[in-house]
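K.L.:
Listed here are the chains, written in short residue letters.
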Amino acid sequence: MRKLFVLLASLTLVLSATAFAQSTLDQIKSRGSLICGVNGTGLPGFAYVDSDGNYQGFDVDYCRAVAAAVLGDATKVTYRGLSSGERFTALQTGEVDILIRNTTWTSSRDTGLGLNFTAPTFYDGQGFMVRAASGIETLADLDGTTICVQSGTTTELNLADVMNANGLDYDAKIAETSDPLLAAYDDGACDAYTTDKSGLAAQRTQLRDPSEHVIMDVTISKEPLGPSVRHGDDQFYDVANWVVFTTFMAEEMGITSANVDEMLVGSADSNVRRLLGVEPEKVEEFGLSADAFYNVIKQVGNYAEIYNRNLGPETVVNIPRGYNASYLNGGLHYAPPLR
Amino acid sequence: MLQPALPPPIRETGFAFWLKRNLFSNWWNSLISLASLVIIVYTLISLLRWMVFEAHWEIVWQNLRLFATYRYPTELLWRPMSCVALILFLFGLSAGVGKGGIGQIVFKAFYWLMGFCLAITLISLFLFPSVRWLWLIAIIAGFAGYSLAKFWPNVAMYLSILWGLSWFVCLFLMLGFSGESGPMQYVSPGMWGGIQLTFFLSVTGIALAFPLGIALALGRQSKLPAIKYFCITYIEIIRGAPLITWLFTASLLLPLFLGGIRPEALIRAQVAIILFAAAYMAENVRGGLQAIPKGQREAAHALGLTPWDSMRLIVLPQALRAVIPAIVGLFIGLFKDTSLVTIVGLHDLFAVVLGVANQPEAKQIPGGIVRELFIVMSLFYWFFCYRMSVASKQLEKELGLGTR
Amino acid sequence: MSDAAIKNVRADAPVGGSRIIEIEELNKWYGEFHVLRNINLSVNKGEVVVVIGPSGSGKSTLIRCINRLEEHQKGKITVDNIELTDDVRNIDKIRRETGMVFQSFNLFPHLSVMENVTLAPIRVRKMKKSEAEQKAMYYLEKVKIPEQAQKYPGQLSGGQQQRVAIARALTMEPKVMLFDEPTSALDPEVVGEVLEVMVNLAKEGMTMIVVTHEMGFAREVGDRVVFMDAGQVVEVGTPEHFFVNPQEERTKSFLSKIL
Numbered sequence: 001m002r003k004l005f006v007l008l009a010s011l012t013l014v015l016s017a018t019a020f021a022q023s024t025l026d027q028i029k030s031r032g033s034l035i036c037g038v039n040g041t042g043l044p045g046f047a048y049v050d051s052d053g054n055y056q057g058f059d060v061d062y063c064r065a066v067a068a069a070v071l072g073d074a075t076k077v078t079y080r081g082l083s084s085g086e087r088f089t090a091l092q093t094g095e096v097d098i099l100i101r102n103t104t105w106t107s108s109r110d111t112g113l114g115l116n117f118t119a120p121t122f123y124d125g126q127g128f129m130v131r132a133a134s135g136i137e138t139l140a141d142l143d144g145t146t147i148c149v150q151s152g153t154t155t156e157l158n159l160a161d162v163m164n165a166n167g168l169d170y171d172a173k174i175a176e177t178s179d180p181l182l183a184a185y186d187d188g189a190c191d192a193y194t195t196d197k198s199g200l201a202a203q204r205t206q207l208r209d210p211s212e213h214v215i216m217d218v219t220i221s222k223e224p225l226g227p228s229v230r231h232g233d234d235q236f237y238d239v240a241n242w243v244v245f246t247t248f249m250a251e252e253m254g255i256t257s258a259n260v261d262e263m264l265v266g267s268a269d270s271n272v273r274r275l276l277g278v279e280p281e282k283v284e285e286f287g288l289s290a291d292a293f294y295n296v297i298k299q300v301g302n303y304a305e306i307y308n309r310n311l312g313p314e315t316v317v318n319i320p321r322g323y324n325a326s327y328l329n330g331g332l333h334y335a336p337p338l339r
Numbered sequence: 001m002l003q004p005a006l007p008p009p010i011r012e013t014g015f016a017f018w019l020k021r022n023l024f025s026n027w028w029n030s031l032i033s034l035a036s037l038v039i040i041v042y043t044l045i046s047l048l049r050w051m052v053f054e055a056h057w058e059i060v061w062q063n064l065r066l067f068a069t070y071r072y073p074t075e076l077l078w079r080p081m082s083c084v085a086l087i088l089f090l091f092g093l094s095a096g097v098g099k100g101g102i103g104q105i106v107f108k109a110f111y112w113l114m115g116f117c118l119a120i121t122l123i124s125l126f127l128f129p130s131v132r133w134l135w136l137i138a139i140i141a142g143f144a145g146y147s148l149a150k151f152w153p154n155v156a157m158y159l160s161i162l163w164g165l166s167w168f169v170c171l172f173l174m175l176g177f178s179g180e181s182g183p184m185q186y187v188s189p190g191m192w193g194g195i196q197l198t199f200f201l202s203v204t205g206i207a208l209a210f211p212l213g214i215a216l217a218l219g220r221q222s223k224l225p226a227i228k229y230f231c232i233t234y235i236e237i238i239r240g241a242p243l244i245t246w247l248f249t250a251s252l253l254l255p256l257f258l259g260g261i262r263p264e265a266l267i268r269a270q271v272a273i274i275l276f277a278a279a280y281m282a283e284n285v286r287g288g289l290q291a292i293p294k295g296q297r298e299a300a301h302a303l304g305l306t307p308w309d310s311m312r313l314i315v316l317p318q319a320l321r322a323v324i325p326a327i328v329g330l331f332i333g334l335f336k337d338t339s340l341v342t343i344v345g346l347h348d349l350f351a352v353v354l355g356v357a358n359q360p361e362a363k364q365i366p367g368g369i370v371r372e373l374f375i376v377m378s379l380f381y382w383f384f385c386y387r388m389s390v391a392s393k394q395l396e397k398e399l400g401l402g403t404r
Numbered sequence: 001m002s003d004a005a006i007k008n009v010r011a012d013a014p015v016g017g018s019r020i021i022e023i024e025e026l027n028k029w030y031g032e033f034h035v036l037r038n039i040n041l042s043v044n045k046g047e048v049v050v051v052i053g054p055s056g057s058g059k060s061t062l063i064r065c066i067n068r069l070e071e072h073q074k075g076k077i078t079v080d081n082i083e084l085t086d087d088v089r090n091i092d093k094i095r096r097e098t099g100m101v102f103q104s105f106n107l108f109p110h111l112s113v114m115e116n117v118t119l120a121p122i123r124v125r126k127m128k129k130s131e132a133e134q135k136a137m138y139y140l141e142k143v144k145i146p147e148q149a150q151k152y153p154g155q156l157s158g159g160q161q162q163r164v165a166i167a168r169a170l171t172m173e174p175k176v177m178l179f180d181e182p183t184s185a186l187d188p189e190v191v192g193e194v195l196e197v198m199v200n201l202a203k204e205g206m207t208m209i210v211v212t213h214e215m216g217f218a219r220e221v222g223d224r225v226v227f228m229d230a231g232q233v234v235e236v237g238t239p240e241h242f243f244v245n246p247q248e249e250r251t252k253s254f255l256s257k258i259l
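Chains as they are written, first to last, in my numbering: chain R, 1 to 339; chain L, 1 to 404; chain G, 1 to 259.
These are computed hints drawn from the structure, not numbers from a lab. Just so you know, not all the hints are guaranteed correct.
Listed below are the simulated DSSO-like cross-link pairs for lysine-lysine, each with C-alpha atoms no more than 30 Å apart in a straight line [to be verified]:
#1 G:K151 <-> G:K129
#2 G:K76 <-> L:K223
#3 L:K150 <-> L:K336
#4 L:K99 <-> G:K203
#5 G:K203 <-> G:K135
#6 G:K151 <-> L:K150
#7 G:K142 <-> G:K126
#8 G:K135 <-> L:K99
#9 G:K93 <-> L:K223
#10 G:K135 <-> L:K393
#11 L:K108 <-> L:K150
#12 G:K151 <-> L:K294
#13 L:K99 <-> L:K393
#14 L:K150 <-> G:K129
Chain R on its own, in the form it takes in the complex (with noise of 0.2 Å):
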């Protein structure tokens, strides 16, 4: 089934290449609004919809934020939910304008489907959960015990691959689904149970007892979840990646959307300056408006905001920010500098 969408999905982009004739941020701008791609069943923390209908979640804050910096409104998206299978057709095929929809950069997105990503917005990877009393802490530990894995995805594979590279013995039980799996868990049938770090720290909060499991140091894959666009318009996938680094760099400036009012008028560094269109060159060399980045910050916030709003200790999800800090505090996220 996977290999048949990656054909289908294939082949859509052969066929459908020249169709765009007019360029995506056209598009975006006479339509009015940013038809932005999310998971459709929801993923907690990324994207969901609340019990008003609206949506919410890090991916859906990015849709925002793309829409404040090409529209000046970040509340201008049409969001359309994407199952997982029809999801890169549908960014082929111009149904959307961007997917943002916790998918993760390989090659052969990049390449044999015809995606460009932007820098990661998340960096995620497999990681296992234990009981806080069963002493497993390394890779090693899990010698000989039974894992909760889902079955038919990667995370399956993973996991077959690092024990086997390590010369490790384990019991695998599998499920479909995640939740049956999990409440297997739960019970006792598991010693651990793995999956993606975020789903890790979101689906421990449904288990019975949260504080005796723990999300253990180690981390068997890289998985960096980021917006993607179609190949062959580069002015629209240099705006969606400089919306991405615009969130890293007003967290290294220290720019949030509290205080950007007054870094707009008080600022004398000449990099917050450029960032926030008082210095309008730089910006309009995208083809757009001066304050587009401004609208960023104002609208949707830096990426810490973005990230505490959704994933960050105060919620539900609650983890750790890991990977996903800024360089500055030991992270990943960098941003290019704007000039």
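Given the structure of chain R, go ahead and fit chains L and G onto it with the hints provided.
P.N.:
Leaving out everything else, chains L and G in the frame of chain R:
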């Protein structure tokens, strides 16, 4: 001499006898019965305990609006609710004018539908101020339709036209037409969802598949080989793959064939559902056509009726009557199968339920709230499917005893 | 007895009458099977022709050819000076002028008696509904069941249904009536009521071709009796001729079985 009529021989009856004969006829049967009883009672008690003390129904309540209409703007909810009122009104009219056995069946369906809506109305009166008056109006519209039909039975003549028109009216109401604000602003089908979408997809699917299915069934019997083999090929290819395949085809491949034109996701899925249902409809109708004796057509020809008239006035009406139960069955299947549109990114009731299970609030609850959500969703599907299947059984009986 | 021994005779109507049906050299095959062989038959206005013969002799096929329920391959059929060809307009004209009554009634079960009877006048003769209903009542009275007009066929007995079928054909006011074993599917006790209607119809001067084994009917109103066997007309004569003095061996053996 005439024999006196005798009473039938006395049989042992009553609950105790039934128990003895069926459950406790010997020692191992008694053992199995007792063991089963223990299991059943234990399961029921655990289920009840869970439902009363442990389940988190509040999240279901909080999200009822998503189940009903998903992201349809709150201030515009009067538009889909007007559709509900219109449909209840027409249902009331139909129930009011119905005569004979079929009238009884329509009345019962109306009765149960009103019961369901009344329950929702009571819930809204207490919990959902935004729609409480709308539901009250919808209920009143239902009663009004029923009463009107009693005063003005001639409305029966216009019913089919009214039902046909109501589809367009509802589509218009739900879509709107102009601009970004105002009472009739455009609401993209991407914002539709939940029960609203489930009903829209299945009703539209069956309604449009009906004429298409008849055309295919007639085409399959055509003397022109081109038409005949086109219809056979179509029917057999469509029936040769599950609905999910055609949904994917419509969703992923259709935009390719249309060369850059991308119809709304809803339209793509709807087209797939219609084309799929039409193939099954065609086979049902064909069965009906074949059940009509040859003499009927001969009698029509002998009277000088044209082939078209004899098909339209003699053969089709009888054939379609005969397949009404099969069509109801097809509709029940379609009603449930619409949940497959989840995988092409539409948000019918099933997709909404999955989404609600992924709200962060739900993740705070041990074990999540999938069980609660699925119980509610199952009850919804069960209620409608069961009522439809009862109606279908009654129809079958009614038509079997009918005028033939 | 081999087929070659069967005579094939002409069944011409008496000279002097005005011909309404003429069948010349009629041949028909079902696949390889030669079901009608060189039939020559004509009927005058007002004549009542009774066709008898063993089952499979082609008598039903013969009258079904007259209104094109069956297609013939060779020969010529003319009804009221209209030749029956592949031309749809001719077929329609002939069907309008010939009423047919079937063995199995073939009433339309989803329509009331009144709707059964008025359907063709309204659709084919483009009569107004009120006019058609008036006419229908006239003929329902004639077949003695006006009180059943609002019922459905399923609520009537076989005899009543067949009388409705006769009324249905008559309401089109045809010039010829074809009866295809009209009493064979009926319970013996109701055969009489249908025959009575047919006798009255014959006495009023209706041109009729009747496939039947009811020799009593033939004797009472039949002008000519045609005996068919193996797809051929074997013997023709008045009813008396058949009762008193049948000529052919085939005829004699058939009559001895049904009388």
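K.L.:
Compare the structure with each hint and give your call.
P.N.:
Hint-by-hint comparison with the structure:
Among the hinted pairs, G:K151 with G:K129 is consistent with the structure: their alpha-carbon atoms are about 18 Å apart, no more than 30 Å. At roughly 26 Å between alpha-carbon atoms, G:K76 and L:K223 fall within 30 Å of each other, so this suggested pair holds. For the hint pairing L:K150 with L:K336, the CA-to-CA distance comes to about 35 Å; that exceeds 30 Å, so the pair is violated. Taken as a hint, the L:K99 and G:K203 pair is broken in the structure, with Cα atoms around 44 Å apart against an allowance of 30 Å.
The hinted pair formed by G:K203 and G:K135 meets the criterion: a straight-line CA distance of about 20 Å does not exceed 30 Å. About 24 Å separates the Cα atoms of G:K151 and L:K150, which keeps this hinted pair within 30 Å; it holds. Simply put, G:K142 and G:K126 have alpha-carbon atoms about 23 Å apart, close enough for the 30 Å limit, and the pair holds. Restraint check for G:K135 and L:K99: the C-alpha separation of about 29 Å stays at or below 30 Å, so the hint holds.
Distance check on the hinted pair: G:K93 and L:K223 sit about 24 Å apart at the alpha-carbon level, within 30 Å; holds. As the CA atoms of G:K135 and L:K393 are separated by approximately 41 Å, the hinted pair breaks the 30 Å bound. With a C-alpha separation of about 16 Å, the suggested pairing of L:K108 with L:K150 holds against the 30 Å cut-off. With a CA separation close to 23 Å, the supplied pair G:K151 and L:K294 stays within the 30 Å bound.
A distance of roughly 18 Å separates the Cα atoms of L:K99 and L:K393; the hinted pair therefore holds under the 30 Å criterion. Note on L:K150 and G:K129: the hinted pairing holds, with a Cα-Cα distance of about 27 Å set against a maximum of 30 Å.
When held up to the earlier numbered hints, the structure conflicts with 3, 4 and 10 and fits the remainder.
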